[in-house]
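Can you build the whole structure from these sequences, using the hints too?
One letter stands for each residue in the lines below.
Number of protein chains: 2
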Amino acid sequence: MTDGEMAIGVDIGGTKVFGVMVDGAGEIVSAAKLTTPRSFRTGDPQVLLETVLEVVDVLSARVPVQPAPPVGIGVPGLVDRAGRLRFSPHLPEAEGLEFGNLLLRTLANRSVVVENDANCAARAELEFGSLQGVADGLMVTLGTGIGGALISGGRLLTGASGFAGEVGHMVVDPSGPPCPCGGRGCWERYASGGGLGRLAREAAAAGRLTAVVEDVGGDPENVHGEDVTNAARSGDSEALAVLAELGWWLALGLANLTAVLDPRRCVVGGGLAEAGALLLDPARKAFDELVEGGRARPGMELVAAGLGERAGAVGAALVARDGRQ
Amino acid sequence: MTDGEMAIGVDIGGTKVFGVMVDGAGEIVSAAKLTTPRSFRTGDPQVLLETVLEVVDVLSARVPVQPAPPVGIGVPGLVDRAGRLRFSPHLPEAEGLEFGNLLLRTLANRSVVVENDANCAARAELEFGSLQGVADGLMVTLGTGIGGALISGGRLLTGASGFAGEVGHMVVDPSGPPCPCGGRGCWERYASGGGLGRLAREAAAAGRLTAVVEDVGGDPENVHGEDVTNAARSGDSEALAVLAELGWWLALGLANLTAVLDPRRCVVGGGLAEAGALLLDPARKAFDELVEGGRARPGMELVAAGLGERAGAVGAALVARDGRQ
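Here the protein sequences come in this chain order: S and P.
Counted from 1, the first sequence has number 63 at position 63 by this note's numbering; the numbering is strictly sequential.
One rule links them: number in this note's numbering = place in the second sequence (from 1) + 325.
Do not take every clue at face value.
Restraint-style ranges between C-beta atoms, simulated for each label pair [what the hints assert, rightly or not]:
{"no.": "1", "chain 1": "S", "residue 1": "G154", "chain 2": "P", "residue 2": "E452", "range": "23 to 31 Å"}
{"no.": "2", "chain 1": "P", "residue 1": "G479", "chain 2": "S", "residue 2": "G96", "range": "46 to 54 Å"}
{"no.": "3", "chain 1": "P", "residue 1": "R558", "chain 2": "S", "residue 2": "H224", "range": "39 to 47 Å"}
{"no.": "4", "chain 1": "S", "residue 1": "N222", "chain 2": "P", "residue 2": "R509", "range": "32 to 40 Å"}
{"no.": "5", "chain 1": "S", "residue 1": "S234", "chain 2": "P", "residue 2": "K610", "range": "46 to 54 Å"}
{"no.": "6", "chain 1": "S", "residue 1": "G306", "chain 2": "P", "residue 2": "D382", "range": "54 to 62 Å"}
{"no.": "7", "chain 1": "P", "residue 1": "R533", "chain 2": "S", "residue 2": "G235", "range": "23 to 31 Å"}
To give an idea of the chain S side of the interface with chain P (calculated C-beta under 8 Å), a few residues [as the list claims (entries may be wrong)]:
{"no.": "8", "residue": "L78"}
{"no.": "9", "residue": "A82"}
{"no.": "10", "residue": "F128"}
{"no.": "11", "residue": "Q132"}
{"no.": "12", "residue": "G165"}
{"no.": "13", "residue": "V167"}
{"no.": "14", "residue": "G183"}
{"no.": "15", "residue": "V260"}
{"no.": "16", "residue": "L261"}
{"no.": "17", "residue": "D262"}
{"no.": "18", "residue": "P263"}
{"no.": "19", "residue": "R264"}
{"no.": "20", "residue": "G293"}
{"no.": "21", "residue": "P298"}
{"no.": "22", "residue": "E301"}
{"no.": "23", "residue": "V303"}
Source of the hints: derived by calculation from the structure; they are not laboratory data.
Since the structure is predicted, the reported quantities are computational estimates derived from the model, not experimental observations.
Cβ atoms here follow ideal geometry from the backbone N, Cα and C, with glycine treated the same way.
Here it is as structure tokens:
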């Protein structure tokens, strides 16, 4: 392998900026993680760009290669084909940012490509993970919200403006809770990490999740999603029941997407996928009951992402090396 | 044009079987419509096949061409690639029917192709109607239920098993009314011809639609969707309000599909599309408010089908001539 096959990918999230340098085989040669700066959250997007550049600098210093590797950036939300973030419910301070142009000014000797984070994750899963060899597939990333990417003919389906795959903002209950996107009852209010927190606090307020509530000091409002997944791993039946409820909502959206797209396989990534079988087993069971014409369908495989949470950054590097689809 | 470019298309609906013979330019040379036999509705699918054959015979006798033109059949529901109807909420008596094989036995000298009815309609709209030149698009047919077809790269997107496009069975309210598919709160319970009937009877029972209720004899349960569209055409403000409500639900599902697929244009066909601007104007307005990141998107064109209700039969003929995609 040559230096020319190296690429850097950076996955920008609401809480952390995670970057990797990958070699020609997609192996991670080096990784760096920085906290998304707090001042960014109060309205200074320039700080975010500096954090991204810092991650790129760290990786470049650790693994000096010539020519300087291309850089791919994954961001949550609507990213247009010019690399501008047009809309981002979970990164609103960065809306309108021309990531591509701004980064190119500093990284003038490199190519810079910006892409939706879930599309990046799907690229990595297609090449090295659970979407290998899948012609008709789907990827959902369960984090603060839900990201999505559609696979048709073994390639990303991007839509007219590159905005396809915003599956988290399917409305599944028009009178449901408000969503940061401005809508109501979006799927991600129920089946994401944020959704788990909400379901958990509702359960706690209703007198369930007794052991978890005790562990966090007695206030149901202090219960977070990870408290539930931790308790479920230890066999807490009330926590398992909340994960089963989350699985039902996950299955509902996947059943909707299956009616529309008829995928053979759906890959679940993002932080919440770490719950593994505790989430996917009840989701599979509910899916078979919820999907239209279930008994007439050949079955849809629901599996965890092969690259776990690294998929977004690895995929961003692949996009940098091979271009957007 | 030669006889060899002629093709027959038959669109099977719950109430009528409509067939056309089209020439090489897609023009309808002859058309025939028969009522879907009542005995079929009580469990004798053979009668349905005979009705289809009768339509084919009538068209063939009127326009005798050699060699015998190929025959395409459009049916509502999940049609597999072998031409078998695997699942059909609105034609349950015909489930499991191997249309393709059964018709081939009688039409032994012709090729016979069976395809989902909305996919047929989209094929016709792509070639001669409102989807011409559209790379990323969507077709929805509003009849008893809602059919759908997805366009990507100017071609039908069919999914892993040929079942893609069952957009009517996206759940938009898990506690909504039961659907013939076995689910609850499917989009078609709100935004189809059947959905209009339900919205209308609810409005009538709540004391609205006073003139319409009077016209049908005073019983709110006797109000049908077409009573509302007729009254709306005459300017009845209460009927217009019900169509606006229907338009809101239509927009909700289209907003979901736009989040997922990012189409440039959506074509609305089926019987309900005859309501035209009375339905599409309020739907456009609601869509702009409902779709995620509306102000960041370049706009999605919502237009009526160019071929109206004939699209399904014409498209079935095109599928017969050119094959499934």
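Okay, the hints, checked on the actual structure:
1. S:G154 x P:E452: 23 to 31 Å: 27 Å, holds
2. P:G479 x S:G96: 46 to 54 Å: Given about 32 Å between the Cβ atoms, the range is violated.
3. P:R558 x S:H224: 39 to 47 Å: 55 Å Cβ-Cβ, so the 39 to 47 Å window is violated.
4. S:N222 x P:R509: 32 to 40 Å: Given about 34 Å between the Cβ atoms, the range holds.
5. S:S234 x P:K610: 46 to 54 Å: 52 Å Cβ-Cβ, so the 46 to 54 Å window holds.
6. S:G306 x P:D382: 54 to 62 Å: 56 Å, holds
7. P:R533 x S:G235: 23 to 31 Å: Given a distance of about 54 Å, which is not inside 23 to 31 Å, the answer is violated.
8. L78: 5 Å, holds
9. A82: Violated, about 13 Å.
10. F128: 22 Å, violated
11. Q132: 16 Å, violated
12. G165: OK, holds: G165 (chain S) within 8 Å of chain P, min 7 Å.
13. V167: 6 Å, holds
14. G183: 6 Å, holds
15. V260: 6 Å, holds
16. L261: L261 (chain S) check passes; min Cβ-Cβ to chain P is 5 Å, inside 8 Å.
17. D262: 2 Å, holds
18. P263: 6 Å, holds
19. R264: Since chain P brings a Cβ to about 4 Å from R264 (chain S), closer than 8 Å, the hint holds.
20. G293: 3 Å, holds
21. P298: This hint holds: P298 (chain S) lies near chain P, its Cβ roughly 6 Å from the closest one there, short of 8 Å.
22. E301: 10 Å, violated
23. V303: Not OK, violated: V303 (chain S) not within 8 Å of chain P, min 15 Å.
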